[in-house]
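**Student:** Those sequence lines, one after another, are chains A and B. Under the working numbering, the letters of the first sequence match residues 22 to 276, in that order. Under the working numbering, the letters of the second sequence match residues 958 to 1168, in that order.
Just so you know, these hints were derived from the structure itself, not from any lab. Hints should not be assumed to be uniformly reliable.
Said to hold, decoys possible - Taking beta-carbon pairs under 10 Å as the criterion, some of the chain A residues facing chain B (in silico): (1) Val31; (2) Arg36; (3) Glu65; (4) Ala70; (5) Gly71; (6) Leu92; (7) Glu251.
Ideal Cβ placement from N, Cα and C applies to all residues, glycine included.
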Amino acid sequence: MNCGEFEDIVNDLARVKMSDAASRAVGMAHVEICGRCASRLADERALSAGLNSLAASDEGKAAHASVEAALLEAFRARASNRLARPLPVQSKSWPRWALAAAAAILIAFGFIVYRAIQNEAQKDDKALTERTPAPQPAINREDQVVNGAVEPEPRRGSRTTQPRRGNRSRLIKPFIQDSMTFYAKDREYTTDFFPLSYGDDQKPMESGEVIRVQMPRSALIAFGLPVNVERADVPVKADLLVGEDGLAWAIRFVR
Amino acid sequence: MHSSLSDDELLALLRAGDEGAFVTLYRRRQDGIYRFALRMSGSETVAEDITQEVFMMLARGDGHYDSSRGSFSAYLFGVARNQALRRLEKDRFLSPIYEEDEGRESSTPESLITLNDPLGDLTRKEMIASVRQAVLALPAHYREVVVLCDLQEMSYADASAALGCAVGTVRSRLHRARALLVEKLRAYQVSERAVEGAAETGRVNTVNCLV
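Next up, chain A with everything else stripped away, as it sits in the complex (with noise of 0.2 Å):
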C-alpha cells in the first residue's frame, strides 16, 4: 500500500467503520513504516475522539416538552377538522378539464368570428380605395321618396330592419349581427337600416325621403359598429331616412 492508497482508508481506520480486515490489516502495516501516514491516523483518531466526546456530550438532549404538547394539539386540531369535514359527493358542477375546454372553445369562436369581421372590413377597404371616388356633395338628397310605411329595399342574404319606436340598445342587437353580412348596391356596401326613435309619442312615418350625408366616423361607435382607428379621421357617408316631419327615422351607413 502506498500513501494515496492510505488516504482512501484512513478515515475509516479512524473511525473504526472498515469492515475489511485484510484492508485494514494492511493500512495498519503502512503506517508502520511511513511517518507521515503515522502521523495523519493519529490526526484523525483523535478527531474522531472528539466527535465522539461531542457526540456524548448530546446524549440525552431532546426537544422541550413544549414541543410535543404544540405537534399533540395540531394533530388533534386536524383530526377533528377531517371528521367535521363533509364526506366527498359528485360534484354535480363540472369538472375542471370541461370547463377548460368549453373556455378554450369559446375563446377559439371568438377569435373566428373576430377574424371573419376583421377581413370583411379590410375587404371593404379595399374596394373603397380601388374604385375611384366621384366627388359628391355633402348632402347628396335622393329624389326617391318612400310612400306608406318605411321599407328599405329588400336585400339579398340579409334581413331587413324596419324603423320602430322602441328602446335603441334592443334594436341594435339584431343590427349587429347584419353588420358582420355587408351588401353590395351599386358598387357601394350599405348597412341595413338603423332605426332612430324620439320617444313613444312619436307619430308612424307616412312618407320621407333618403338623404346622403357624411358623418364622423365616431358616429360607427353609438351604433356599437367597429372602427378602425387608422381612418378615425375620415368622415363616413351615411343614408338617412328622412320624415315629412324633418325628423330622421333611420340611418344606414355607406361604404
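Chain A is fixed; fit chain B onto it per the hints.
**Tutor:** Frame of chain A; chain B shown alone:
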C-alpha cells in the same frame, strides 16, 4: 402497544388518524432529529423549531415518504436537513451562538464529569467546545455529512438517502470535511497554546515583579 410496531406500520396508523402512533413516532425519532438540527444550527431554539416543523409535516399528512428510497428515519433526517438549510440560508447574516449556557443547564452529562479530575473535566469541556465550534464553522454541505455520519453514526447509505446524493459523494464529502476539521482543530490548539504561553509569561512576570 404501539412501541413494538415498526416506523412504517406506525406511519400507516398515523395516516389513518391514530394519535398514539403519532406520539410513538415522535418520541422514537424526535431526539435524533433535534440533535441533528442542534448540531447543524448551534441553536437550541432553532433545533426545536426544526423538530416541530418536521413532525408538524407528519401531523398535517404533507409528507411524501417512499420506503423504496430509504428508511423512514433517513426520510425524516432529509426533511430536517432541508429545514435546517432553509434556516441557515435565512439567518446567514447572523452570527451563530451556541446557547449552551443560556438559561439551560450545562450540556455535559453527569456521566462525563469526574469529580476527582476537575482539570481533566475542564480540558474535556474545552475540547468539546472546540470541536463543536469547528463543526459549526464548516460549510453546510460538509457539516451535514459530519453530523450524520460521525455524530449521528448513520451509515453511508442512510446518509445518502437523507441527503439525496450518492454514497460516493457522502464518502468524499466526509473525507474532505474531516480534513478541514483537523486543520481547524490544529489551528485552535496553536492559538490556545499561544494564549496559555502568554498567560504563563504574564504569571512569571508578575512573580518577578513581586520578588
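**Student:** Next, verify each hint and record whether it holds.
**Tutor:** Here is what the structure says about each hint:
{"no.": "1", "hint": "Val31", "in the structure": "holds (8 Å)"}
{"no.": "2", "hint": "Arg36", "in the structure": "holds (7 Å)"}
{"no.": "3", "hint": "Glu65", "in the structure": "holds (7 Å)"}
{"no.": "4", "hint": "Ala70", "in the structure": "holds (9 Å)"}
{"no.": "5", "hint": "Gly71", "in the structure": "holds (4 Å)"}
{"no.": "6", "hint": "Leu92", "in the structure": "holds (5 Å)"}
{"no.": "7", "hint": "Glu251", "in the structure": "violated (55 Å)"}
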